[in-house]
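Given the coordinates of chain A, assemble chain B onto it according to the supplied hints.
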Amino acid sequence: MKAMTYRGPYRIRVEEKDIPRIEHPGDAIVRVTLAAICGSDLHLYHGLMPDTRVGMTFGHEFIGVVQEVGPDVRNLKVGDRVMVPFNIYCGTCWFCARGLYSNCHNVNPNATAVGGIYGYSHTCGGYDGGQAEFVRVPLADVGPQVIPDDIDETDALLMTDALSTGYFGAQLGDIVAGDTVVVLGAGPVGLFAAKSAWLMGAGRVIVIDQLEYRLAKAREFAHAETLNFAEYDDIVVELKKQTDYLGADVVIDAVGAEADGNLIQQVTATKLKMQGGSPVALNWAIDGVRKGGTVSVLGAYGPIFSAVKFGDAMNKGLTLRMNQAPVKRQWPRLFEHIRAGYLKPSDIVTHRIPLDDIAEGYHLFSAKLDGCIKAVVVPSAN
Amino acid sequence: MSEEDVPLAYVADKPRPGAESPDELRRRIPGWGADLDPADRPSVPRLDRDLPDTGAHWTFPARQPGGEGRERSIEHAFVTPVFGTVAPLRGLSGVVRRFAYSRFSEGRAAHWLLLVLGDRVDVAESRVEAILRGRPDRLIAETGIGAEKGVHPVASRLRSTRSDTHHTWMDPFVVSAPWIAAAVVGWRIVRRVRR
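Protein sequences, first through last, are from chains A and B.
Quick note, in my numbering, the first sequence goes up one by one and the last residue is 580.
Quick note, in my numbering, the second sequence goes up one by one and the last residue is 241.
One chain only, chain A, in its complex shape (with noise of 0.2 angstroms):
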């Protein structure tokens, strides 16, 4: 099967691989009908994340129909059409239990502090992911759903990440009723999040990125008010005057390990891999939010320690609230949400792009060419 394939940071290639395997008898093989390239993923791609190996396939957003199944394998036959949470989970250990389903302890034998995901290096587990023809779903009975007949195959495939991590997003926000919240990137997860905030009641939202064109989308997609942090010698000062000096109730960063800060914060963070990321997003965010207010974290870092202002958010007696989105827990809502015509996620995807050129793919979204903002993966098999 073809399948994209990391040569090392900024560089990878589609190579014929071996098509996946029942490994374990609650494993599915399934044949994927669209995948997507996440935020996350350039983290990988950028070399960030630890224990990220030469030959693995990348990514934790993909649909697809049921090809074989593992013996033990009860909730789904070939020929179910399926979508997948980026999460790997086994449904019943001590964190599973409690519903914390992205982190789960019983798939990831690499790393404690996090479940497993898809295509997400090592540290995640060793999973391959979507962004091929073919991929193994582990314990396959807990994470896909058969994909319901009324929803569209794009809105279910950014259900299997990006949407359902901006709602989780505007949740951990606690958000009450004309709160103003404010949202670091207009990527994706960003324009979900500023989408889910309204559904919550917020009074106010507003999407700080420094391109324009994803500004644009904020405003139009998710009727956000907009700030240009290019545009301002010091962002969390306009963030201030713009709220009566207050600050906002929630922020939520969805922008994670590589943020655009200062010189030593692009060296030591995103090119030294001296730590999990540039925190420059988070650090905005805890001097942005008013004191006892919420920070919600949705940007993916690194496991290496970050300098993040933690005297501030102690200061400011803030609540950080953060976690990877149990995606799964919901769907039952966001059915409700799209049948209701609240959300189209489709709508924010630019670009949808053969497997075969996927190398470019990455580097347009890298790079935000094009007026790229979600680009989706098609895969050939048939």
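Please keep in mind that the hints were generated in silico from the structure rather than gathered at the bench.
Heads up, some of the hints might be wrong.
Stated by the list, open to error - Pairs of lysine-lysine, BS3-like flavour, derived with a Cα cap of 27 angstroms:
no., chain 1, residue 1, chain 2, residue 2
1, A, Lys438, B, Lys60
2, A, Lys489, A, Lys469
3, A, Lys542, A, Lys489
4, A, Lys489, B, Lys195
5, A, Lys200, A, Lys215
6, A, Lys489, A, Lys439
7, B, Lys60, A, Lys439
8, A, Lys469, A, Lys438
9, A, Lys507, A, Lys469
10, B, Lys195, A, Lys514
11, A, Lys200, B, Lys195
12, A, Lys438, A, Lys507
13, A, Lys507, A, Lys489
14, A, Lys275, A, Lys200
15, A, Lys507, A, Lys439
It should be emphasised that the depicted structure is a prediction, and the values quoted were computed from it without experimental measurement.
Leaving out everything else, chain B in the frame of chain A:
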């Protein structure tokens, strides 16, 4: 400054700047307030045992074969019952990675820094291996730079409509510096041995 001009942060209550009424917001924003009740929002990761069936029909998943000898975090009691098998440890990078896993917990910086080092060794090993196998890396094509054709490669750089302009200038230094440093150290070792 009159008292009316004192910003909100300095007084107990005042209309918020830019505030719209719920009715105005409901008219303007599709679905505004649909999840207004914080108690009626799914999936916040508070410990909760009143959950829908996950579909699991085990108390502990069956053990995947082949876990013997697989690297694992020393914070785990054993290799987890389910695991990925994508790229087993091999070569010098495998030695570095195995040492990182077997010696240091996830709480230690050495664990992660060794894994980052292992990644770089892996890339170098894979480049050499690809040459030996007669299928060398296509270093330009693999960057995907071909995608720039037709999407204003020059203008986008001049007008700062892309996100990599901030660091492009430093990339050659950062990429080449470790190699140059390694070459210098290597050369010094060779000279010392020759003497």
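Looking back at the hints listed earlier, which ones does the structure fail to meet? Violated hints: 2, 3, 4, 8 and 10; rest satisfied.
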